[in-house]
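Put together the whole structure using the sequences plus the hints.
Protein chains: 2
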Amino acid sequence: MHGSEEGVMERVESDRRSLLGAVGGMLGLVALGELGSSGLAEGQVAGTGPGADAMSRVPWPYRPLDADGVGHAAFVANGQGGCMFGVVEPIVGGVARQLGAPYTSLPLALFMYGSAGVVGWGSLCGALNGAAAALALLSARPQPLISELYSWYEREALPDFMPKGARFPNVASVAGSVLCHASLTRWCNASGKKVASPERAERCGALAASVARKTVQLLNAQSAGNPAAGAPEPATAACLSCHGTRGTECDASGRMRCASCHAPAELKAAGHPAT
Amino acid sequence: MHGSEEGVMERVESDRRSLLGAVGGMLGLVALGELGSSGLAEGQVAGTGPGADAMSRVPWPYRPLDADGVGHAAFVANGQGGCMFGVVEPIVGGVARQLGAPYTSLPLALFMYGSAGVVGWGSLCGALNGAAAALALLSARPQPLISELYSWYEREALPDFMPKGARFPNVASVAGSVLCHASLTRWCNASGKKVASPERAERCGALAASVARKTVQLLNAQSAGNPAAGAPEPATAACLSCHGTRGTECDASGRMRCASCHAPAELKAAGHPAT
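Protein chains in written order, with the working numbering: chain L, 1 to 275; chain A, 1 to 275.
Hints were generated in silico from the structure; no laboratory data involved.
Any given hint could turn out to be false.
[Stated by the list, open to error] In silico lysine to aspartate or glutamate, DMTMM-like type, Cα no more than 25 Å apart, as pairs:
{"no.": "1", "chain 1": "A", "residue 1": "193", "chain 2": "L", "residue 2": "66"}
{"no.": "2", "chain 1": "L", "residue 1": "268", "chain 2": "L", "residue 2": "249"}
{"no.": "3", "chain 1": "A", "residue 1": "194", "chain 2": "L", "residue 2": "233"}
{"no.": "4", "chain 1": "A", "residue 1": "193", "chain 2": "A", "residue 2": "156"}
[To be verified] Covered stretches of chain A, as calculated for chain L (at least 3 residues, CB under 8 Å):
{"no.": "5", "region": "116-128"}
{"no.": "6", "region": "137-144"}
{"no.": "7", "region": "169-176"}
C-beta atoms are modelled at their ideal positions from N, C-alpha and C, and glycine is treated no differently.
Okay, here's the thing in structure tokens:
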């Protein structure tokens, strides 16, 4: 875990121990890259031999990608398999094509499940779900990159990248949340467009492109020795100072923006101090 | 898409077209199982030859698993790599071990990213994220199974399965949400335990076990010709009748329980009709 995240990450310590305990698995399993500081050499594997087993190791050897090129490709892939696939395919597939067989055997079509917050459920934004999967596969230290990306998604006006082939003028909005449903509805409010409109469909393609591009920028920077901090948002940190794993309440775990769901009226009704 | 879900699934039609457009991909990609009715033979592949390419096809050939056995194994795997990995490993790994190479080369460690709602962010429950990934890989029609599982998770008192090795008496709670943060906090409220307690850590292991077991039951039933309907929850359907893609507002997309975040006071303040 990245040092600067310790105060707010609010990961339950037993979960961290769980990650640390994952060394030596069932399928030639190696520990996620976070474990690089715990004595595991990068790429160390419990399996045997080269060849097909090489792809069972995480992280895969990363090859820097062109961020804008991945953004354009993500827009196309989003149109083929939805937003999670749209982010995973150009990044993971892009590296796999550079590495060649057996890496090209990864069944990327499985990542179509994350579309629209998992088969339309509106939960975690599929672009973010896919980015986390890609980072987990390709980074030796994915956690700060994922946190940096998620905070960026919450606070920035997005899409911030218009891919080739886009037909409509870009309308950017601040999601204030990592959840698909909130992200979509806030864009509808900003644009005046319906959620079933072609403009909204294109926006999600451009959003997948923006997320894929940012993900590659983070990967490239980390690969070049300039890792992201993944710093927490102060407002969330303030809530977690009481409710998080180190607070007196100790009844909440997370990093999502609290105010996205917990409205001021709710907090006031619960006798909560003003924030 | 399963017929009975059409009315509420509220998937934006262009997203569905996106899925249908995914035939013929970049990595020997085949369409997700949902496309079986659109002219694709199951297992049809755009790649070439047998061997390693076989694993790039989705769905993989499913081999029924012992649901209780998977539940026990999920508890162990949760302790090794967190809740998403905890569900994926015994199911996907279990099938991979039956199928042999090259299937055993899938880098399952990547799924450790989903722990605690993605590296501790508290978004989508990692057990549910992992179950959706496993279903997408192993089912010819994952969508109704994922929806059935997610609705079950929202409404049931869980954990409903106590794995071998559990140390504490089970306290079950209704999450009312597919989100990690809400699920954790409601369990803390029901149990009186802290989110950082060993009881809470064990509860998440037992929850991963419960989700993995249910996932296998759904897969086995579908494999035997008894598919789940994935029927929507009436209260959510009522909200979506106005706000969903077919409603007059058309400003929301999703299947998550609305009341989990949208409190009655908020709805009243917005001049919303009583529900």
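Evaluated hints:
1. Taking the CA atoms of residue 193 (chain A) and residue 66 (chain L), the gap is near 48 Å; set against the 25 Å cutoff, the hint is violated.
2. A C-alpha spacing of about 17 Å is found between residue 268 (chain L) and residue 249 (chain L), which places the hinted pair at or below 25 Å, so the restraint holds.
3. Taken as a hint, the residue 194 (chain A) and residue 233 (chain L) pair is honoured in the structure, with Cα atoms around 23 Å apart against an allowance of 25 Å.
4. Distance restraint check for residue 193 (chain A) and residue 156 (chain A): the Cα-Cα separation of roughly 20 Å lies within the 25 Å cut-off, and the hinted pair is therefore satisfied.
5. As drawn, the region 116-128 of chain A meets chain L at 10 residues by the rule of a beta-carbon pair under 8 Å; at three or more, the given contact holds.
6. With 3 residues carrying a beta carbon less than 8 Å from a beta carbon of chain L, the region 137-144 of chain A meets the three-residue requirement, and the given coverage holds.
7. With a threshold of 8 Å between beta carbons, the proposed coverage of the region 169-176 of chain A by chain L is violated, since 0 of its residues qualify and at least three are required.
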